[in-house]
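Colleague: So the sequences go chain by chain: A and V. Per my numbering, the first sequence starts with residue 341, numbered consecutively. Per my numbering, the second sequence starts with residue 202, numbered consecutively.
These aren't lab readings, by the way, just hints derived from the structure by calculation. Ideal Cβ positions, reconstructed from N, Cα and C, are used throughout, including at glycine. Take these hints with a grain of salt, some might be off.
To be verified - Below, a list of computed lysine-lysine pairs in the DSBU-like style, where the Cα atoms sit at most 30 Å apart:
(1) V:Lys288 <-> V:Lys391
(2) A:Lys603 <-> V:Lys391
(3) V:Lys417 <-> V:Lys353
(4) V:Lys417 <-> V:Lys288
(5) A:Lys595 <-> A:Lys558
(6) V:Lys391 <-> A:Lys595
(7) A:Lys603 <-> A:Lys586
(8) A:Lys548 <-> A:Lys455
(9) A:Lys505 <-> A:Lys461
(10) A:Lys586 <-> V:Lys417
(11) A:Lys595 <-> V:Lys417
(12) A:Lys492 <-> A:Lys548
(13) A:Lys455 <-> A:Lys558
(14) A:Lys492 <-> A:Lys505
(15) A:Lys548 <-> V:Lys288
To be verified - With the Cβ distance kept under 10 Å, some of the chain A side facing chain V (calculated, not the full set):
(16) Gly425
(17) Ala437
(18) Gly439
(19) Thr440
(20) Val442
(21) His567
(22) Phe597
(23) Glu606
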Amino acid sequence: MPVQTAAPRIEVRASAPVETISARTKVAVRNLDFFYGRVQALHQISIEIPERIVMAFIGPSGCGKSTFLRTLNRMNDVIPGTRVGGEVLIDDHDIYAPGTDVVDLRRRVGMVFQKSNPFPKSIFDNVAYGLRINRVTGSGSELEGRVEQALKDAALWNEVKDRLKTSALSLSGGQQQRLCIARALAIRPEVLLMDEPASALDPIATSKIEELIFDLKKQYTIVIVTHNMQQAARVSDRTAFFLLGKLIEVNATEKIFTAPNVKTTEDYITGRFG
Amino acid sequence: MDTHRHLDDELSSLRDRVLLLGGEAEQALERAMYSLSERDSEVAQQVLDHDDQVDSLEVEIDRQCIDIIALRQPAARDLRFVISVAKMAPVLERIADHACNIARAAIDLNNEPELKSVLDLSRMAQHALIMLRSALDAFTSSDAATAREIIKSDSEINDLYNHTFHRLIELMVTEPATATRDARLLFVAKHLERIGDYVTDICELTVYMAEAAFIKHT
């Protein structure tokens, strides 16, 4: 039975006067099971993710945290032989209900992957791609405005504004990852899923991604999977610990890293696991 | 050697060092009070001479805590342990400083005629020593319940201090010739009372370490 504190109150850390808000639940997962064929990868996961916070998923390799992340925008649907039980509610609507528009779901719930995967196109076209295929912009100037805003939101604009027509593949690894974040942000998702977004980056590029995550949570609900526990401690408001496909504990990040409620969590984060 | 074994060894070494510092503080207090009650200025001087080693030990513990935090990034119970030790080391060093102040008072008093009674100072010192010893035991065994009991017992030292304070003021009025010596004894009593407060700090850190509960100022 996962331990979860009720009705989390989130302190907004911003340059504006500090205020405390009661967070609304953006994502609610109830009794989620997930199977790869006959192998059950997730067992009865129940968790609530408040709006506009950073939620980190931690746990050893194979614990199911990435699988769980991908259930939040049905990315696992593309894997043959998978099956889901339980509910994933976003704004109180079950995303696995019959008739769900999966394309629209993935527009609302964007994703950034471990390895940056820019298209072999220009920087501009990479960011504009989602806008064009979703036909979400009208005039050319509106498209340019949305691309610029997405690049600014991804803290990349100042580095690329003079070379928007050059290939995205000419960017550094860290810049490519921020470009992928800009691409995800361009279509204005409500939730951003990040699967180890900085694991292949150097410390400076990692730091930029982490600062970006901190800024983005003012507008987006962010869920991040990370193997780096210090990163989870640095960037997240709440942390969930997974083990063997089960959610062991979810709590405020400072609680998880200073005084977890479950001994297994403590053993994991103190490096005494197994 | 795997990482957590390495961390375990470092935490164990840190525990040994802070207990060593605790032992030094305890011994300094015991010897300072002995020098006062037995009028042995040589022992008092030994307490003063030894204080540099106590200071060095505190600095070593500081460095070790900083190294562990910087290099091992401890979390949960390990973090609480390191933080508790980092905050406990200066407390223990201050207890040893108070013992040094008592030793200095003993040297001054031993140069003057002996007073008939040292009032409740021996009882205060004995109580402070028992509190300190028990607090270090509670820390070693992460025993929050015992730590809480020790905190309660600080009121006994405070009562003894208040009694001693009033008794010494009376003596100053009735026997003005001994006022200087009475004043010195009053300072000794105050040092012992402060040691009781410091032991309370140690116990609060033990409760934090064991239960992640902040009981300071509650």
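Colleague: Could you run down the list of hints and mark each one as holding or not?
Modeller: Cross-check of the supplied hints:
Note on V:Lys288 and V:Lys391: the hinted pairing holds, with a Cα-Cα distance of about 23 Å set against a maximum of 30 Å. Between A:Lys603 and V:Lys391 the alpha-carbon distance is near 44 Å, which puts this suggested pair outside the 30 Å criterion. A threshold of 30 Å between alpha carbons decides the hint, and for V:Lys417 with V:Lys353 the separation of about 13 Å falls inside it, so the pair holds. Using a Cα cut-off of 30 Å, the hinted pair V:Lys417 and V:Lys288 holds, with the two alpha carbons roughly 13 Å apart.
A threshold of 30 Å between alpha carbons decides the hint, and for A:Lys595 with A:Lys558 the separation of about 22 Å falls inside it, so the pair holds. Annotation: proposed proximity of V:Lys391 to A:Lys595 is violated, straight-line Cα distance about 39 Å (limit 30 Å). Of the supplied pair hints, the one linking A:Lys603 and A:Lys586 holds, its CA atoms being roughly 15 Å apart against a limit of 30 Å. With a C-alpha separation of about 16 Å, the suggested pairing of A:Lys548 with A:Lys455 holds against the 30 Å cut-off.
As the CA atoms of A:Lys505 and A:Lys461 are separated by approximately 9 Å, the hinted pair is consistent with the 30 Å bound. About 37 Å separates the Cα atoms of A:Lys586 and V:Lys417, which puts this hinted pair outside 30 Å; it is violated. Using a Cα cut-off of 30 Å, the hinted pair A:Lys595 and V:Lys417 holds, with the two alpha carbons roughly 19 Å apart. Simply put, A:Lys492 and A:Lys548 have alpha-carbon atoms about 13 Å apart, close enough for the 30 Å limit, and the pair holds.
Restraint check: the Cα-Cα separation between A:Lys455 and A:Lys558 comes to about 25 Å, which is no more than 30 Å; the hinted pair holds. Between A:Lys492 and A:Lys505 the CA atoms are separated by roughly 17 Å; this keeps the pair inside 30 Å, and the hint holds. Taken as a hint, the A:Lys548 and V:Lys288 pair is broken in the structure, with Cα atoms around 34 Å apart against an allowance of 30 Å. Proximity of A:Gly425 to chain V is violated relative to the hint, the smallest CB-CB distance being about 33 Å (cut-off 10 Å).
A least Cβ separation of about 40 Å between A:Ala437 and chain V goes past the 10 Å threshold, and the interface hint is therefore violated. Hint on A:Gly439 is violated. Least Cβ distance to chain V is approximately 45 Å, over the 10 Å limit. The interface hint given for A:Thr440 is broken, as the beta carbon of that residue sits about 39 Å from the closest beta carbon of chain V, more than 10 Å. Interface restraint check for A:Val442: the shortest CB-CB distance to chain V comes to about 39 Å, outside 10 Å, so the restraint is violated.
Annotation: A:His567 was flagged as interfacial toward chain V, and the flag is violated, the nearest CB pair being 14 Å apart, outside 10 Å. Annotation: A:Phe597 was flagged as interfacial toward chain V, and the flag holds, the nearest CB pair being 5 Å apart, inside 10 Å. With 10 Å as the threshold, the beta carbon of A:Glu606 comes within range of chain V, its nearest partner Cβ sitting at about 5 Å, so the hint holds.
Hints 2, 6, 10, 15, 16, 17, 18, 19, 20 and 21, counting from the list given before, are not met by this structure.
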